[in-house]
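Based on the sequences and whatever the hints tell you, model everything.
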Amino acid sequence: AGAISTGTHGSGRHSMSHYVEEVRLARYDDSTGQAIIEEISAGEQLRAARCSLGSLGIILSVKLRCRAQYNVQEHFTESRRLADVLDAESSFPLQQFYLIPWRWSYFTQHRCEVDHPRSRLARLYRLYWLGVMDYGLHFQILFLKRVLRSRRLLRLAFRRFVSVFLIRNWKVTDRSSSMLVMKHEAFRHIEIELFVPRDQLADALRFTREVIKVGVGRDSTLSANNQRRIESLGMQDALAGLHDQYCHHYPICVRRVLPDDTLISMASGGEQDWYALSFISYANPARRAGFFLFANFMAQSMSQLFHARPHWGKVCPLEANELTSLYPRFDDFRTVCNTLDSQGVFQNDWTAALLED
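Per my numbering, the very first residue in the sequence shown carries number 1; after that it's consecutive.
By construction, these hints were calculated from the structure, which means they are not laboratory data. Treat the hints with caution; some may be incorrect.
[What the hints assert, rightly or not] Computed list of lysine to aspartate or glutamate pairs in EDC-like fashion (alpha-carbon distance at most 16 Å, straight line):
1) K171 / E113
2) K314 / D115
3) K314 / E185
4) K171 / E78
5) K171 / D115
6) K63 / E113
7) K183 / D115
8) K63 / D115
9) K63 / E38
10) K213 / D244
11) K63 / E39
[To be verified] Per label pair, the in silico range of CB-to-CB distance:
12) D134 / N284: 14 to 24 Å
13) E322 / D261: 46 to 56 Å
14) Y70 / K314: 27 to 37 Å
Beta carbons: idealized from backbone N, C-alpha and C, even for Gly.
Structure follows, in structure tokens:
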């Protein structure tokens, strides 16, 4: 229920919300005030229930469109050009990629569905991934960020050392349930994820790179074009306030999400694919002030410049009116909410502000 209510997604497919065929909901009947159980399986109510922020009622069960287990082949490459990464999507539609800070290259995790059997070395690959990526990389980042607290060593690590442990062009086939998951839960972190349409991706990543350099104090302004954009928004003081306050210390994961048939999931609406840019911090909770400055600036600026939508279930610093303006069908969602929960029983202060007329 929580996964569909905020549009949880992977890469190369729609979000989970898109595949919901029926939601069984407990709510109050407006005419009698009695609790009822209702099955929603069609129309605008289903599109609203597919990603509802918990605002329609208590979700008792969800019916999802499923498919049989399948195999995925993946391998890594490194590229300096975003165009090369995007060109590979036709051959590897399930791929995701990472913009590596301070090295400023793209590590692409090329993935595609195949009929091949599981590779003989699949178990070894999983052990490599678990030890080197899921834990080794993160222990290195945690040591540099939390213990040494050295910006210089963090930048050096990403420029020189992180890439050494990435085995390129090792093609491995394994079950989709093994290949398409990430161990986010292994280490405590905080994240903002911003979704941009495909035609804004290149500009958004260029902007990201420049803002990160300002955050660490390497630059004091953006490129002339992006600086003009920031000034047009009246955000030059916010940019100046970010200067030398935050060192980004984790690869920026970029995942493609196909358009959803929902009302307000982050990938809803339009014909373009959406790309989710993930910004993660492993700073101690008491030392997250710089990250929040960065997250607030990125959300405020990118939502206006690149139509970026923050993930509903992660750091989401925009005001209610700013969020609703990003979703052309938010009024339709509000109508469904008012129909099924006219008294706002299932709202909290945050969702109440969103749903206020």
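Taken at face value, is the distance from the CA of D115 to the CA of K171 at most 16 Å?
Holds: K171 and D115 sit about 14 Å apart, inside 16 Å.
Return holds or violated for the Cβ distance of Y70 and K314 against the range 27 to 37 Å.
Given a distance of about 29 Å, which is inside 27 to 37 Å, the answer is holds.
Below or equal to 16 Å on CA atoms is what counts here, so check K63 against D115.
With a Cα-Cα distance of about 28 Å, the restraint between K63 and D115 is violated, given a limit of 16 Å.
Given the proposed pairing of K314 with E185, does the C-alpha separation stay at or below 16 Å?
holds (14 Å)
Holds or violated: K171 and E78, Cα atoms, limit 16 Å.
holds (14 Å)
Between D134 and N284, does the C-beta distance stay in 14 to 24 Å?
holds (21 Å)
Holds or violated: are the alpha carbons of K63 and E39 at most 16 Å from each other?
holds (10 Å)
Agreement of K171 and E113 with the hint, judged by alpha carbon distance not exceeding 16 Å:
Holds: K171 and E113 sit about 13 Å apart, inside 16 Å.
That 46 to 56 Å hint for E322 and D261 (C-beta), does it hold up?
Between E322 and D261, where Cβ atoms are some 25 Å apart, the hint is violated.
Hinted pair, alpha-carbon criterion (16 Å max): K314, D115. Please report holds or violated.
violated (36 Å)
Below or equal to 16 Å on CA atoms is what counts here, so check K183 against D115.
Not OK: K183 and D115 at ~26 Å, beyond 16 Å, violated.
Measure nothing beyond the straight line between the CA atoms of K63 and E38; if it is 16 Å or shorter, mark the hint as holding.
OK: K63 and E38 at ~13 Å, within 16 Å.
Of the numbered hints stated above, those contradicted by the structure are hints 2, 6, 7, 8 and 13, listed in ascending order.
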